[in-house]
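Number of protein chains: 2
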Amino acid sequence: MEARRAILDAAITLISERGYANVTIEAIAASAGVGKTTIYRWWSSKGDLALEAINDRVGEAIDFPDTGDISADLRRQLLEVARLLDGEIGVLFRGIVAEAQSTPTVGAALLDTIIEPRTRACEARLAKAVDDGQLRPDVATRMMVELIYAPLYYRLLFKTDPARPRDIALLLDYTLSGLRPVPATD
Amino acid sequence: MEARRAILDAAITLISERGYANVTIEAIAASAGVGKTTIYRWWSSKGDLALEAINDRVGEAIDFPDTGDISADLRRQLLEVARLLDGEIGVLFRGIVAEAQSTPTVGAALLDTIIEPRTRACEARLAKAVDDGQLRPDVATRMMVELIYAPLYYRLLFKTDPARPRDIALLLDYTLSGLRPVPATD
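Sequences listed follow chains A and B, in order.
For the first sequence, counting from 1, position 142 maps to 141 in numbering that gives the first Met the number 0; every step adds exactly one.
For the second sequence, counting from 1, position 40 maps to 39 in numbering that gives the first Met the number 0; every step adds exactly one.
Hints in this document: simulated from the structure, not taken from any laboratory.
Hints may be right or wrong, so weigh each one.
[Claimed, not checked] Distance ranges between label pairs, derived from CB positions:
# : chain 1 : residue 1 : chain 2 : residue 2 : range
1 : A       : 111       : B       : 132       : 44 to 52 Å
2 : B       : 58        : A       : 172       : 32 to 40 Å
3 : B       : 169       : A       : 16        : 23 to 31 Å
4 : A       : 172       : B       : 164       : 27 to 35 Å
5 : A       : 32        : B       : 107       : 22 to 30 Å
6 : A       : 4         : B       : 182       : 35 to 43 Å
Cβ coordinates follow ideal geometry from the N, Cα and C atoms, glycine included.
I would like the entire structure built from these sequences, with the hints used as guidance.
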């Protein structure tokens, strides 16, 4: 598995240095000291390789904590996602999102390997918070995920403002203001 | 100005049919019946041309209404944006966002000609709603814009779910739940 490790690391290093669009499978192979066919044995495209490189590097760093406090847990997780997207991983991620706009197979792979698994993990944590009475029971957890993460991706992709930790935490607070249980009025 | 009109229309037709990445300035020129140099006299790149084609086509359709009811006005405007992004304009927009990830000049032009002017227009309407007591005075209007629009772009770019009008209206309702003035407690 040494070759596999070298390829994943080379993909991250090269893409983060040169930009996703400017890196070829050939360049990654050369940098990892393997042949192009070795890469194609394991991955069907640059997009597939980059997606695995992201998941491999991120590992468990953005799994959802469960301290019993949904606001604190989401803040910690969201700030860690923002931190990762601000570095090498962010360059890969933006490149894949860009390629996904013109290449449906890359879009489908992005959904299958990154967006949907992490959405489901977030939904599980949110569902527990609903059960605990910390979030509204009348909002679909899938929509909560969109409301919570979309502002971070907006800043990442449009570059309107940097995704400063303080801003990301504030945006989360405002979003959660609308997702807390409505106090009973009688 | 007939040539200019023909070029803008050809850009929208060709890009929406073939995808942004697959259309060249040469193809747009041929389709509009002009020479390539005519296009470069007015626009410096495909991105610049596509941005003007979007603004030209959209026109005043997504200006912010002001009926005095911020929820109704935002819903109407946001659903119109969603409708436009679901058609030809959406193909151009996604193509430009994709190119912006690897070409900083395109990213800057996207901000300057589309994102920032419309953000300022939205902020003006939101500021009036704050004055009218319909929105919280303690949230920056620039952040309100992000919270309101980000979920629509999330669906557009990630394709997690279609941007159905009913969903977009619901997401807006949940966002606004967190942006309404907090009732005084004493």
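Status of the hints after comparison with the structure:
Distance hint check for residue 111 of chain A and residue 132 of chain B: the Cβ-Cβ separation is about 46 Å, which falls inside the suggested range of 44 to 52 Å. A hinted range of 32 to 40 Å holds for the C-beta pair residue 58 of chain B and residue 172 of chain A, which are about 37 Å apart. Take residue 169 of chain B and residue 16 of chain A: their Cβ atoms lie about 42 Å apart, and the range 23 to 31 Å is violated. For the hinted restraint 27 to 35 Å between residue 172 of chain A and residue 164 of chain B, the CB-CB distance of approximately 28 Å keeps it satisfied.
Between residue 32 of chain A and residue 107 of chain B the beta carbon distance is about 38 Å. The supplied range of 22 to 30 Å is therefore violated. A beta carbon spacing of about 57 Å between residue 4 of chain A and residue 182 of chain B contradicts the range 35 to 43 Å that was offered as a hint.
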